[in-house]
Amino acid sequence: MFDIYKILKLQGKQYIPDVALPVLPALFRGRPVISTLECKDCSDCVEECPTEAIQQKNGKISLDLGKCVFCGDCQKICPSQKIQFTNDYKTASNSRKALVIQEGEDKAIQLDPELIRKEIASFFGGSLKLRQVSAGGDNADEYELNACSNVNFDMGRFGIDWVASPRHADGIVITGPITENMAEPLQICYDAVPNPKIVILAGTHAISGGIFAGSKALDRTFLTKYKVDLFVPGSPVHPLTFLNGVLELIKHRQTK
Amino acid sequence: MKWLETKNNGAFAIEEIPVMAYEEFYDLTVELINTNESCHCVNYFVLSEEEGLLHFVIVIADDSDGILYVFSHKSHKNMSLRSITKEVFALHVFEREIYEKYGLDFEEHPWLKPVRYSYDRANRTHKISNYPFFKINGEDLHQVGVGPIHAGVIEPGHFRFICNGERVLHLEIQLGFQHRGVEQLFKEKKKLNHKLVLAENIAGDSVVAHTLPFVMNLESLSDFEAPRDLVYARTIALELERIAIHIGDLSAQCTDIAYQLGSSVFGALRTPAINYFQFWCGNRFARTLIRPFHQPYPLTDELIKRLLAFLEEFEKKFTPMVEETFGLPSVLSRFERTGHVIKEQMHKVGAVGIPARITGMKRDIRHTHPTMAYKEFLYNPYLMQSGDVYAHAYMRVQEIYRGFSIIRRVLDKLSAIGNQTSSARPKYESYPLKANYMAINLVEGWRGETCHITCTDAEGEINFNKVKDPSMHNWMALALGVRNQEISDFPICNKSFDQSYCGFDL
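Protein chains in written order, with the working numbering: chain A, 1 to 256; chain B, 1 to 506.
I should point out that these hints are in silico values taken from the structure, not numbers from a laboratory. All C-beta atoms in this analysis are idealised placements derived from N, C-alpha and C, irrespective of residue type, glycine included. Be careful, since some hints might not be right.
What the hints assert, rightly or not - Keeping only pairs whose Cα atoms sit at most 27 Å apart, straight-line, the calculated DSS-like set for lysine-lysine is:
#, chain 1, residue 1, chain 2, residue 2
1, B, K317, A, K60
2, A, K57, A, K13
3, A, K60, B, K427
4, B, K113, A, K216
5, B, K316, A, K40
6, B, K316, A, K6
7, A, K13, B, K375
8, B, K375, B, K362
To be verified - Counterexamples of contact, computed for chain A against chain B with all Cβ distances above 10 Å:
#, residue
9, L10
10, C42
11, K76
12, A98
13, I116
14, A121
15, G126
16, F158
17, M182
18, I211
19, K216
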C-alpha cells in the first residue's frame, strides 16, 4: 500500500493545466514563416520538397502545411534562409486555404468562425465522442491521438473521448492517406455515425496523402463527398495541435 | 561456391548472385534451414522481371557465424513451382507474396492465399472484402469476426476466430487494409530525399528501425564509411526508440488487464522518452534524425547532459513501478500462461525479435549479425523460456534496462572521441551509388529483425528497395499463441505481440 503512495508521489502532477500554453523546444517544426528576403530563384526548395508542398509563383514562395511532412529540408538548403519553422504548434484550421502559408505572413493560424457549422457548438460544446479510423495510418498519428487521452494531455477533462463504436460517436477522425482497401470500411463507419456528425483529418497523410500522394493504392473519393470540419497538420500530429484545434472548433474560443 | 556469402551491411554486384535450377535451389534451401537450427530465411522475393522470366532471390541468415547466404533461380511466371513451404513452413508468407503479385502457382502450398491485396496484384478479381477464410463446420462451433476497424485507436486488420464456446480453436489474420504501395513508390520517387522520407513513413512506430537499414545500404553502396560518432549517435537513437515503444507497450499491456496504476505510470513515462527525441531533432518519433553521409543533429554536450539526466530520472520512476507490477498476484495471474508459444513453433514460423527470445531462441541481430556500435562489444540478449504474456512484459522490462546500459556505454565512447561528422547537408549527388549492385542491411529494431535490400540499376539509381518488417514472420506467431485461449484474452495477446499492420501491408 505504501509502495503505491510512494509511486504516486514520485510521479507528482503530470497533467498540463492549460493546453494552449506549453512552449515546445525550439527545434520543433510547427508553423513556418517565409520571409520577404530576396529569393535567389534556385528553386532548390521546390525540387527537394518530398511532397510538393512548396510553390513558387511570380517570385513568391508559399508552403502548404496540408502537404508538408515537416522534414525541414527547405529550411536547411535555402541559400537566403527564407523559410524558418517556428515552434508554434497551433496549426489546425477548418479552412484548407488557411494552411497555405504565404510569403511575409507571420500570424497565428486560426479557425474561420464562418465555416463552423452552428450545430457543432450547440451539440458538441460540452461533450465530443470521437471514433478514430486509421486508413493507411502509419501508427505514429495513432500513437499521438492515443496520447491525447493520457495523463499528460488528458482530453477527457474537456469532455472529449475516443469511443469504440461509431454508433456512440459524434464524428470520425481519419488518419492515413486512405487506402483503396480501407475505403469501404471507412464509408461503413461514417454511415453508422448518427447525425449531426463531424469529420476531422489528422495528419498530413490524411489531409493530402502526404508522401503517398499519387500512389495507385489509394482511394480518396470519400473526401470529395463530405465536408471536412477540421484539418490538423503534422507528421505525426502533435497532441497539442490536435487538442487546441478541436477545442477551438467546439468551444468557439475565437469569439471571446 | 553454391551461394554468395556476405555479412550484414554487405554490398555486391547483382551478377555475383549464383543462379541455379529450381530443383537445386529447392534442395539447398531445405537443407540449409532444416538441418541448421541457426539458419532462418530473412527474405525470399522476386528481384526483377524480364519478359515474364522472374529472378527469385533468397537470403538466409546463419546466426552461428554471422553469415548471410544469397542465391537465386530464374523461373517463368507461367510455370508452377513445387512449394518449399511444405518442408520449410517459415517460407509460407514469402511464397504467398510472390503468388499474389505475379500469379505464379506454388504446388502443394498449404495456404496459398493473398497476403495484402496489393493494388498491382496479378488477379484484381481477388477483393479484400471476399477473403477465403478457413472454415470448420460443426454445430458446437461458431465464428467471431473482428475488424478491420478496431475498438481502440489502432491500425486496421481483420481477425476471424473459430471458437468452441469461449475457447479459440483457430485464428486467421487477414491483412492488407493498410497497403499504400510503399515498394512501388521507392521506384517512382526520383530524389533520394523523397525516398528517405518514404522510409521514415513505412511504420511510424519504427522510424529509426526502418530508416537505418535504408540509410546504411546507401552508404555501403557508395563506399562511405560512417565515422564513429555518427555510428554511436545512431545506436543511441535505436535504443531510445526501443525504450520509448516498450514503455508504451507495458502501459498498454496493463490497460488490457485493467491495471490502472501500471497503465498510467508507464504511459506517463513514455512522454519524456519521446520528448527527448523532440529536443534532439524536433520530432517526437525521430523523423529526420537518421540521414546518410552526415549527422543532421549532432549530440552536443548539452544534449548528452540532458540524455543522462533523462535516463536517471526515468530509471528512478521506472524501477518501483516494475517491482510493484511484477509483484502483484492479480497482474501475474492474468499474465502467466496466457498466449503461450513454444520454441518448436517459433522456429517453424521463423519468428524474430521478442516472440523468438521469450522461447529461448538466441535470435537478435545485435548479437548474431552486429553492426554499428554493437560490433564493439559483445551484446548478449536476454532470453526467457516461458513464451507467455508474462514473458513478453518482463522481456520488455529487461530490454529497457539493457537499452539504458547500451546508451551509457556508447555515450562514454562518444564523449571520448567527440563529434566530428559535419551537420551540414551534403549534396546527395556527390555520393554516387555503384551500378547494378545489391546491399543488404538488418537492424534489430524494438519489434525485431528489420531488413532492407536495396538495388541499383545500370545508372546507379535505386530502382528496388525490398522492405521486410519483422511482422512478416511474426503475425503467424500470434495466431498460434491464442489457440486454446479464452477469446477474451485476445486483446492482451495482440498487444503483447504488438505486430505492425502498416509494416506488413507496405
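Hint by hint, here is what the structure shows:
1. B:K317 / A:K60: violated, 51 Å
2. A:K57 / A:K13: violated, 50 Å
3. A:K60 / B:K427: holds, 25 Å
4. B:K113 / A:K216: Holds. B:K113 to A:K216 sits at ~22 Å (cutoff 27 Å).
5. B:K316 / A:K40: violated, 52 Å
6. B:K316 / A:K6: holds, 12 Å
7. A:K13 / B:K375: violated, 42 Å
8. B:K375 / B:K362: holds, 17 Å
9. L10: Nearest chain B Cβ is 5 Å from A:L10, so the label is violated.
10. C42: holds, 13 Å
11. K76: violated, 5 Å
12. A98: Consistent with the label, A:A98 stays out of reach of chain B, its closest Cβ about 23 Å off (over 10 Å).
13. I116: Holds, since 25 Å exceeds 10 Å.
14. A121: For A:A121, whose nearest Cβ neighbour in chain B is about 25 Å away, the distance exceeds 10 Å, so it holds.
15. G126: At roughly 22 Å from the nearest Cβ of chain B, A:G126 sits farther out than 10 Å, so the non-interface label holds.
16. F158: At about 17 Å from chain B, A:F158 clears the 10 Å cut-off, so the statement holds.
17. M182: violated, 5 Å
18. I211: violated, 5 Å
19. K216: violated, 5 Å
Hints 1, 2, 5, 7, 9, 11, 17, 18, 19 from the earlier list are contradicted by this structure; the remaining hints agree with it.
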